[in-house]
Amino acid sequence: MDADKVSHAGECSTSTSMSQTQQEEHEQCPNMEECLKLLKGDRDEQRLAGLLLVTKFCKAEDHSSLRKVYHAVGTSFLHRLLRTGMPKPESVNNDNRVAYLHLAVTVLAALCRVPDIASSQDMLSKIPLILEVISTPYSLSLSSRLLF
Numbered sequence: 009m010d011a012d013k014v015s016h017a018g019e020c021s022t023s024t025s026m027s028q029t030q031q032e033e034h035e036q037c038p039n040m041e042e043c044l045k046l047l048k049g050d051r052d053e054q055r056l057a058g059l060l061l062v063t064k065f066c067k068a069e070d071h072s073s074l075r076k077v078y079h080a081v082g083t084s085f086l087h088r089l090l091r092t093g094m095p096k097p098e099s100v101n102n103d104n105r106v107a108y109l110h111l112a113v114t115v116l117a118a119l120c121r122v123p124d125i126a127s128s129q130d131m132l133s134k135i136p137l138i139l140e141v142i143s144t145p146y147s148l149s150l151s152s153r154l155l156f
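Quick note on numbering: the sequence shown equals residues 9 to 156 in our numbering.
None of these hints come from the bench; they were simulated from the model.
We put the CB at the ideal spot given by N, CA and C, even for glycine.
Treat the hints with care, as some may be off.
[To be verified] With a Cα cut of at most 16 Å, we get these calculated EDC-like pairs of lysine to aspartate or glutamate:
(1) Lys64 - Asp50
(2) Lys76 - Asp124
(3) Lys96 - Glu140
[To be verified] Pairwise CB distance ranges, derived in the manner of DEER restraints:
(4) Lys45 - Ser143: 33 to 41 Å
(5) Glu69 - Gln129: 21 to 29 Å
(6) Arg51 - Leu137: 19 to 27 Å
(7) Pro95 - His71: 26 to 34 Å
(8) Thr63 - Ile135: 20 to 28 Å
(9) Leu60 - Pro95: 30 to 38 Å
(10) Glu42 - Thr144: 20 to 28 Å
(11) Lys96 - Pro123: 31 to 39 Å
(12) Leu137 - Leu60: 32 to 40 Å
(13) Lys64 - Arg88: 17 to 25 Å
With the sequences and hints as input, model every part of the structure.
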């Protein structure tokens, strides 16, 4: 029983000696690791779930986490998500498409806050597609996501 008290006391002193930032990073690690696993998943559904979680757990100023997200999800999936999200005039229900488009734009906007990602050839090659997105009727609802 005394050994339990010692180990618990050691744990408490360790956690109190950690800075608040270190504690926050430690608490977020499992969540971010789960997101990264989903982003690297084989199925699109896993990647979509990972992206949705990333929008909740990853802060815009956390460039390290954004780099991990960028490398985990890959640019080809984001490109496909943008393309899939583009509304089609012949489609009756564009709601899912618009949701995909919003998600893709939100993630791309966050990733482009990291200078080396924003200036990468992969991102620069997306400019024509982003311009196409901006020219859609849905661009007004997207503009707020580009400026967060």
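Exercise for the section: With respect to the beta-carbon atoms only, verify the hint that threonine 63 and isoleucine 135 lie 20 to 28 Å apart. Expected result: holds, 22 Å
Is 32 to 40 Å right for how far apart the beta carbons of leucine 137 and leucine 60 are? Hint violated: Cβ distance 21 Å, outside 32 to 40 Å.
Okay, lysine 45 versus serine 143 on CB: inside 33 to 41 Å? holds, 36 Å
(message) Can you confirm whether the C-alpha distance between lysine 96 and glutamate 140 stays at or below 16 Å?
(response) Given that 16 Å is the threshold and the Cα spacing comes to 13 Å, the pair holds.
Self-check item: arginine 51 versus leucine 137 beta-carbon gap, inside 19 to 27 Å or not
Solution: holds, 23 Å
What's the verdict on lysine 64 and aspartate 50, does the C-alpha distance respect the 16 Å limit or exceed it?
At roughly 22 Å apart (the allowed maximum being 16 Å), aspartate 50 and lysine 64 break the hint.
Inset, instruction - Could you tell me whether the CB distance from glutamate 42 to threonine 144 stays inside 20 to 28 Å? - result: With a Cβ separation near 33 Å, glutamate 42 and threonine 144 fall outside 20 to 28 Å, so the hint is violated.
So does lysine 64 sit 17 to 25 Å from arginine 88, Cβ to Cβ?
holds, 22 Å
* To do: For proline 95 and histidine 71, compare the CB-CB distance with the range 26 to 34 Å and indicate the outcome.
  => holds, 32 Å
message = Range first: 30 to 38 Å. Now tell me if the beta carbons of leucine 60 and proline 95 are that far apart.
response = violated, 20 Å
Does the Cβ pair glutamate 69, glutamine 129 satisfy 21 to 29 Å? holds, 25 Å
- lysine 96 paired with proline 123, Cβ distance criterion 31 to 39 Å: Cβ of lysine 96 to Cβ of proline 123: about 35 Å, so the range 31 to 39 Å holds.
Violated hints, listed in ascending order, are 1, 9, 10 and 12; each of the other numbered hints is respected by the structure.
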